[in-house]
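These protein sequence lines are chains A and B, in that order.
In this text, residue positions in the first sequence follow the working numbering: the first is 1, and each later residue adds one.
In this text, residue positions in the second sequence follow the working numbering: the first is 1, and each later residue adds one.
Treat the hints as calculated values from the structure; they're not laboratory data.
Don't take every hint at face value.
Stated by the list, open to error - In silico negatives: residues of chain B with every beta carbon more than 10 Å from chain A:
#1 Val72
#2 Asp74
#3 Pro78
#4 Glu132
#5 Gly233
#6 Ala272
#7 Ile316
#8 Leu341
#9 Tyr363
#10 Ile367
Claimed, not checked - Partial selection, computed: residues in chain B whose CB lies under 10 Å from chain A:
#11 Val113
#12 His182
#13 Phe194
#14 Trp199
To be verified - The list that follows gives simulated cross-link-like pairs (lysine to any residue, SDA-like), each with its CA atoms no further than 25 Å apart:
#15 B/Lys326 x A/Arg288
#16 B/Lys326 x A/Glu161
#17 B/Lys326 x A/Arg165
#18 A/Lys337 x B/Arg165
#19 B/Lys305 x B/Val319
#20 A/Lys326 x A/Asp154
#21 B/Lys305 x B/Glu328
#22 B/Lys326 x B/Pro172
#23 A/Lys326 x B/Asp169
Please read all numbers here as calculations on a predicted model, not as lab measurements.
Just so you know, even glycine gets a beta-carbon here, dropped at the ideal spot from N, CA and C.
Take a look at the letters that make up each chain.
2 protein chains.
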Amino acid sequence: MRVLVLGADGYLGWPTALHLSHRGHAVGAVDSFVRRQYDYELGVSSLVPIGQLHRRIKVWEEISGLSIDPFVGDLNDPGFVFDTLRTFRPDAIVHFAEQRSAPYSMIDRAHAVYTQVNNVVGNLNLLFAMAEIDRNIHLVKLGTMGEYGTPNIDIEEGFIEITHRGRTDTLPFPKQPGSYYHLSKVHDSNNIMFACRIWGLRSTDLNQGVVYGQETDETLLHPELATRFDYDGVFGTVLNRFCVQAVAGHPLTVYGAGGQTRGMLNIRDTLACVELALENPAAEGEYRVFNQFTESFSIRELAEKVADAFSGKVEIATVPNPRVEKEEHYYRAAHTKLLDLGLIPHLLDRTTIASMLAVAERYRDRIDLGTIAPSADWRDPSVRGQKASSLP
Amino acid sequence: MRVLVLGADGYLGWPTALHLSHRGHAVGAVDSFVRRQYDYELGVSSLVPIGQLHRRIKVWEEISGLSIDPFVGDLNDPGFVFDTLRTFRPDAIVHFAEQRSAPYSMIDRAHAVYTQVNNVVGNLNLLFAMAEIDRNIHLVKLGTMGEYGTPNIDIEEGFIEITHRGRTDTLPFPKQPGSYYHLSKVHDSNNIMFACRIWGLRSTDLNQGVVYGQETDETLLHPELATRFDYDGVFGTVLNRFCVQAVAGHPLTVYGAGGQTRGMLNIRDTLACVELALENPAAEGEYRVFNQFTESFSIRELAEKVADAFSGKVEIATVPNPRVEKEEHYYRAAHTKLLDLGLIPHLLDRTTIASMLAVAERYRDRIDLGTIAPSADWRDPSVRGQKASSLP
Chain A
1 MRVLVLGADG
11 YLGWPTALHL
21 SHRGHAVGAV
31 DSFVRRQYDY
41 ELGVSSLVPI
51 GQLHRRIKVW
61 EEISGLSIDP
71 FVGDLNDPGF
81 VFDTLRTFRP
91 DAIVHFAEQR
101 SAPYSMIDRA
111 HAVYTQVNNV
121 VGNLNLLFAM
131 AEIDRNIHLV
141 KLGTMGEYGT
151 PNIDIEEGFI
161 EITHRGRTDT
171 LPFPKQPGSY
181 YHLSKVHDSN
191 NIMFACRIWG
201 LRSTDLNQGV
211 VYGQETDETL
221 LHPELATRFD
231 YDGVFGTVLN
241 RFCVQAVAGH
251 PLTVYGAGGQ
261 TRGMLNIRDT
271 LACVELALEN
281 PAAEGEYRVF
291 NQFTESFSIR
301 ELAEKVADAF
311 SGKVEIATVP
321 NPRVEKEEHY
331 YRAAHTKLLD
341 LGLIPHLLDR
351 TTIASMLAVA
361 ERYRDRIDLG
371 TIAPSADWRD
381 PSVRGQKASS
391 LP
Chain B
1 MRVLVLGADG
11 YLGWPTALHL
21 SHRGHAVGAV
31 DSFVRRQYDY
41 ELGVSSLVPI
51 GQLHRRIKVW
61 EEISGLSIDP
71 FVGDLNDPGF
81 VFDTLRTFRP
91 DAIVHFAEQR
101 SAPYSMIDRA
111 HAVYTQVNNV
121 VGNLNLLFAM
131 AEIDRNIHLV
141 KLGTMGEYGT
151 PNIDIEEGFI
161 EITHRGRTDT
171 LPFPKQPGSY
181 YHLSKVHDSN
191 NIMFACRIWG
201 LRSTDLNQGV
211 VYGQETDETL
221 LHPELATRFD
231 YDGVFGTVLN
241 RFCVQAVAGH
251 PLTVYGAGGQ
261 TRGMLNIRDT
271 LACVELALEN
281 PAAEGEYRVF
291 NQFTESFSIR
301 ELAEKVADAF
311 SGKVEIATVP
321 NPRVEKEEHY
331 YRAAHTKLLD
341 LGLIPHLLDR
351 TTIASMLAVA
361 ERYRDRIDLG
371 TIAPSADWRD
381 PSVRGQKASS
391 LP
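The following block holds chain A by itself, in its conformation from the complex (with noise of 0.2 Å):
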């Protein structure tokens, strides 16, 4: 299959890449490389150093005598979009290439809007180019959990069956987004969800939970080949900055009340997950939802496994709540469709944190603690905004 991923350059683009390309697909790297702009404008780093994709794909074809095609730009130009897809010619696209982080669309309005016009108009344009060019390529786009918000009642995979004053429908599940980037996603959900409805496009949206973890069987067969590892307040992930933070000796640092449930999936079952996708595409015109997670855990629980499976001392504290989320919540969704295609999840034990506290430990030295605390508050987004650089 011919496999156009988006975002190639990314933290799970990367592994992505490798992936499919070890699993005989001919795959395209799509990347702007604004995400190594997102470093520069706010001083942080991957923990472990990661070399240019041009680099990395030719380590990877010395590695495995297979090559991956690298486009660059980005998905706001839609020429670039336009002559890509007439070029490469792909079967499935993996789409990536967004803006990910919550705390950075939170930091202030320009950042805000930024967000949310690079994301919605790079999907647009991969729409409107699967529309004109080929409207059998099966889009496989990262949502996020996120999108759903916490509510009261089980969350569903992207439909809902309504009963109300004697009628029944299925309708798209109610979002509640919690960030302007969820929302983000939410705006694309529905935009994409229209473009198969009228155009007959084919588009699994995975919702995917948080990820944690570094290691993938491709990114470990040579160093050159990893992929990033963020543990910053505004791009790193949960576990992994508790990974981090329990290496450096600092107090794992829970957000308020830490009862925030939320759906977890180790980096490997990205992966797989993706590659079932593609295995299985969607129907013409179809618009499929599969709930991306193999576990939900509360952040209070996260911080009790990283602290168990840690070798040394480490302390839980609290930090105030820099966003505006139940602290304490009902929280079930249904996540059985990928396992239906046969999924098998890496669960998280204490082997795993342990590889990845590791990982953490191998490159202590480039640990920047300053860099954890977060600093964007969803409260106030004028605090933040007057000592934010210019965007990329």
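Given the coordinates of chain A, work out where chain B should sit on it, guided by the hints.
Showing chain B alone in chain A's frame:
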């Protein structure tokens, strides 16, 4: 009350500004005049000639002794938005300032992207300006009944109580919008709901039906106070278009089966509803939705009503539907909240249609039938795209 009317040069914005001024409010009139650019782009015109905003404001002042403050600028310019709020210091904002045509948004990729960016970014800039300058401002935002689509259950006003697997929650009503324009309004609604939640803003989202009519108590006071009357295939709403077709001796063009049913309201009721929302503001942190229409009709029924009210002979013709929509469907939508606040509707009777026909008759020499045919095809974004001129 100090009320800033955004989009005050438009079809509904202008009569709203006049009406609120007449009712004793201090009115600021904000517009970028981009709506007039769309006319140049498409080669269409309001059937009723309209003066420049500054001229209309002068005429109003001469007649009423009341002044309206003009602010010329674009909501997509954050400096303009922040400055205008700081200068005018509104108690409330009525936000009509969006690209409001579904067919315009469906012309091609550029028009879809333009519509979503223009509407979403303008609205985001406004929300951030309110959050920073005055969180007590009441935002009355124009949404559309088209956000809901045509579900097979009763449509409620913004929210629905759902019982699912033994648990109950009140959640945002699921949306199934039918164009990139309608999607932009859904994006706005989601952004506003979030801003109310995190910043305690007050907002009323008016999910308005299709508006008909051209005359209001204030616009009738002088010919130079007239508002637009659009009948072209892109900006004309259905009843206005039928009246012009009848007067021009052209068959009334019904798209497809004509069973498409929509909520409708008289332009005078738009003014009354906005005023009721202003007089009864949303509470701190409240995001509420009013369904703003008074009656529902199918397109076929509307054509028959116009044929019936017209003195001459008129044919009803079916043309291929350029839209992707259900042409026969269940439709029942709640609209009691504005009635509860005291709305007394102007219902659609023969007299109303006769007065619209009289407007069309008065300006029959300005009718250009060539502009009535649909010029955007929901199924094929590339057809008309090749011919489209650049965006304003």
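The hints, checked one at a time:
1. Val72: holds, 22 Å
2. Asp74: holds, 14 Å
3. Pro78: At roughly 6 Å from the nearest Cβ of chain A, B/Pro78 sits no farther out than 10 Å, so the non-interface label is violated.
4. Glu132: violated, 5 Å
5. Gly233: holds, 18 Å
6. Ala272: holds, 28 Å
7. Ile316: Holds, since 26 Å exceeds 10 Å.
8. Leu341: holds, 23 Å
9. Tyr363: At roughly 35 Å from the nearest Cβ of chain A, B/Tyr363 sits farther out than 10 Å, so the non-interface label holds.
10. Ile367: Given a closest Cβ separation of 31 Å, the condition holds.
11. Val113: holds, 5 Å
12. His182: Holds, because the Cβ-Cβ distance from B/His182 to chain A comes to roughly 9 Å (cut-off 10 Å).
13. Phe194: It holds, given that the least Cβ distance between B/Phe194 and chain A is near 6 Å, below 10 Å.
14. Trp199: holds, 7 Å
15. B/Lys326 x A/Arg288: Given pair B/Lys326, A/Arg288 holds - Cα atoms ~21 Å apart, limit 25 Å.
16. B/Lys326 x A/Glu161: It holds: about 20 Å lies between the C-alpha atoms, which stays within 25 Å.
17. B/Lys326 x A/Arg165: Answer holds: B/Lys326 to A/Arg165 is near 22 Å, not above 25 Å.
18. A/Lys337 x B/Arg165: holds, 19 Å
19. B/Lys305 x B/Val319: Given that 25 Å is the threshold and the Cα spacing comes to 18 Å, the pair holds.
20. A/Lys326 x A/Asp154: Holds: A/Lys326 and A/Asp154 sit about 16 Å apart, inside 25 Å.
21. B/Lys305 x B/Glu328: holds, 19 Å
22. B/Lys326 x B/Pro172: holds, 23 Å
23. A/Lys326 x B/Asp169: Measuring from Cα to Cα gives roughly 15 Å; hence the hint holds.
The structure does not agree with the numbered hints 3, 4 stated previously, though it agrees with the rest.
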